[in-house]
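**Student:** What follows is the residue order along each chain.
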Amino acid sequence: MDWSLIIKSLVTLGGLGLILGVILLIASIKLAVKVDEREARIRSVLPGANCGACGYPGCDGYAAAIAAGKAPLNSCSVGGPEVARKIGEIMGQEVTAAEPKVAVLICRGGKNEAPLRFQYKGAQNCRQAALLLGGPKACIYGCVGFGHCVTVCPVQAIRMGENRLPIIDERKCIGCGRCVTECPKGTLTLIPRRKLIYLACVSHDRGRAVKEVCSVGCIACGLCTRVCPVGALRMENNLPVMDFQKCIDCGICAHKCPTKSFIDRAPGRPKASINPRCTGCGECVKVCQFKAIEGEPGKQHRVIPEKCIGCGQCVLVCPVKAIDLVGALGHSVKTI
Amino acid sequence: MKDSRTWMVLSLFITCLISAFALSQIYNLTLPQIEYQRNVAGLKAAFGTVMPEADRFEPATPDSSVWLAFKGETRIGSIIKTAKQGYGGPVPVTAGVDLQGRIVAIKVASAAEGLKETPGLGLKATEPEFRDQFRGKTAAEIRLTKDGGTIQAITGATITSRAVTDGVRETLEKYREMLILQQEPDSEQ
Amino acid sequence: MNSKPSRISYLTSGIIKENPTLILMIGLCPTLATTVTARDALGMAAAASFVLICSNIAISAIRKLVPDSVRIPIFIIIISTFVTIIDYVMQAYQPDLYRVLGVFVPLIVVNCIILGRAEAFAYHHGIFDSFLDGLGKSLGFTLVLFIMGSLRELFGAGTFFGSPVLPAAYRSAPMLFAIFPPGAFLLIGLLKALVNKLGWGR
Amino acid sequence: MKLNPGQIFLAAFLVNNIILMRFIGLCPFFGVSTSVSTSIGMSAAVLFVMLLASWVSWVLYHAMLLPLGLVFLRTAVFILVIAALVQFVEMFLKRYIRNLYSAMGIYLPLITTNCAILAVTFFNINYNFNLLQATVFALGTAAGFALAIILFAAIRERLDDAPISPAFKGYPIAFIGAALVSLAFMGFTALFGIS
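Residue numbers (the working numbering), protein chains in the order written: chain A, 1 to 336; chain B, 1 to 189; chain C, 1 to 202; chain D, 1 to 195.
Hints may contain errors.
Unchecked claim - When the alpha-carbon atoms are kept at most 27 Å apart in a straight line, the in silico BS3-like pairs for lysine-lysine are as follows:
no. : chain 1 : residue 1 : chain 2 : residue 2
1   : A       : K30       : D       : K169
2   : A       : K172      : A       : K111
3   : A       : K70       : D       : K169
4   : A       : K195      : A       : K246
5   : C       : K197      : A       : K121
6   : C       : K17       : D       : K94
7   : A       : K246      : A       : K299
8   : C       : K197      : D       : K94
9   : A       : K121      : D       : K169
10  : A       : K30       : A       : K86
Unchecked claim - Derived CB-CB ranges, DEER-like:
no. : chain 1 : residue 1 : chain 2 : residue 2 : range
11  : D       : P163      : A       : G268      : 40 to 46 Å
12  : C       : F146      : D       : L100      : 41 to 47 Å
13  : A       : P192      : C       : L65       : 41 to 47 Å
14  : C       : E119      : D       : Y127      : 28 to 34 Å
Hints listed in this document are in silico derivations from the structure and should not be mistaken for laboratory results.
Cβ atoms here follow ideal geometry from the backbone N, Cα and C, with glycine treated the same way.
For reference, chain A alone in the conformation it holds in the complex:
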């Protein structure tokens, strides 16, 4: 037992351990960064998807911004109202819930509808394909279909359909908007979750130019802007732009559109039906754009179910409230 060696070794390693321990102890006290305690609590409430939808670099950035009072409390669309409420509690402020959003594809020109202009053998990535003359698809505005959005979605809510168009699973989508920013062609957009009707085309061409490249593209005929009962649509750069506040999701534009460029997210639509209180005044006949109501003046009128699209215009205009909407609708129609 060579005691001198043992003592030296104990002193050396023990001493070093002690010194380092003390240094780390002092450092952990003196150098402690005064992290705002609220920031840590906010960070724990945030979903942690680091998607950047709130406009801050990930959840840490957002939490820091909130604690510093620089960020609105409800811009975490992923977390939605429930997270916003919790942040409000932490910050001790009343919070109005942010409107949850969902991502949708605004292009219907898949493999079958929009043919390819040239054979593209390059990297199977939208961004790189888009660099080459706007992508292989005939319609240079449309979705290239290589699934870049599929790879960037933090919650894997998007998968590639066989028609070379991404299919978004609304239940999984958290509305973070990353796919919208990542898509080189801008064929994805965020709409409020409760919105039913949206336009599914981004082509800025008109008429025949669209027809040549895509069988389902919007030809900018402008019919929808004329038929819309509440004037929520107006033509801008050959595309109808929808004002989400005005739109009442009646579905008239979708049905009237010659190229069916609008998509209706409601699983089913109700049908109008006229009850005996009807005085036969004919107001509803005038307002119904689909001639789905018939009857002699002064007599009780009748709705033709096949023609009625459940837009609800007649219900609004009927002076004696004799019409009501019956049947399946994913979301209840706004009745006055």
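Add chains B, C and D to chain A, keeping to what the hints say.
**Tutor:** Just chains B, C and D now, with coordinates in the frame of chain A:
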């Protein structure tokens, strides 16, 4: 107690102490074996060239001028070391000898190892042409051609050549019993 | 505590499902560097396994006493103690193996597997479970090292544990590529592709 | 080792590249090199810690371990110092140089288990470099690490989009890429190297 500050430093300190103690013990335990391995490696480096197959050496004489060479447990020969006075100073020579007393190979210390012979002359003793002449020869044949032997001296460096040759022969004859175990079947002694 | 079957799974998972080198992709340095011959590979695997198992046991034994803020330095001291033990034992009794493995023996202390298992497993589980886990991971590690070692030796020198396997014609001019660093990268790449194909660790 | 500093740097930088030729530091190499920006952050952190670790370990070894004959404590002392150093540097950066911390901070815990740092401290001792040579060697190795990882990150970024069969996607193709890069680096061995 587990996360109190003093315990944070103390636990690190205690772990270091235990580790230091364990390491010092291990070092003490393995030290002799490592020393042994180290000098075996050292010897192997020194004698490796003259006795390639051997992997273990044991000194046979107090002045360690003769070593016995083993391969595993079986003895395969011996090593002799001499250092006769040459032209500029002693010429250290190491020679490997098989059991029949024949030279396996000889190594003359290089200039780096302190050989003071004149470069281009005496120093040529370290080159293979001169050294390979000893291969397979017994003590009787190890003599300069001038002195009636078979070793061709280096031109102009007779003193160095004689120092190497006589050194090897004298050591071979001095330890004849220890070196030669098997009689040469047709040895003409 | 956990039921019987999951305990055995600690052992068996390390070999295939959670093989440290091919599935968890940690502990790559020794896998590529010391597998020039099967014998060296096994030597390295044995050394690393000894350290892994002992440190797993030691760490799980004292896990209740270790304060969380200083656990990394303490783990590191324990692991470096076992590494130095194997370092000096190998220097004493296996000098030529030690000369071949060289700096990689002390480097075991920063081997990602050991610190990884200590942090992820041993610090939260009992001694026997940690031993099982250590054993399982070591077997997995040894298996991969053995495969790499024998393949590289077979291609690079045509021998297996030193004894010739391939015909002398091959051995006279073997594919030295396998012994050089690029060969090791290529081999581990192909092995990983095979593992992906077989669907291990899904 | 009578190599002059210039040769040492070049040897550590190219000929004996720590990753591609010596297989040391592969875990962070494959883990972090998915994108060029993360690789640059990692290389900066490695350079910073490798230099500090080399100095501290060299001084400790030659001033304390060697004279006291405690060479067997080498491994324990070096890795303890590195771990403490990394933890201290992380706290220091977090407190004073915030933006450097956000760029480099997340890699620091990774560095404690980085074989390259400890390997450099050992090579400084095995080749018994003086302090200047040790510094140059550390700089060369860190530069070699940076070169290898950034070069490789660029390759991997391209690999992500290339059409590769599923079994080879991810690590396997990365390894094969590394094999080719390592093959290229073997060309440097004709220069001179530190054995």
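**Student:** Broken hints, numbered, in rising order?
**Tutor:** 1, 3, 6, 7, 8, 10 and 13
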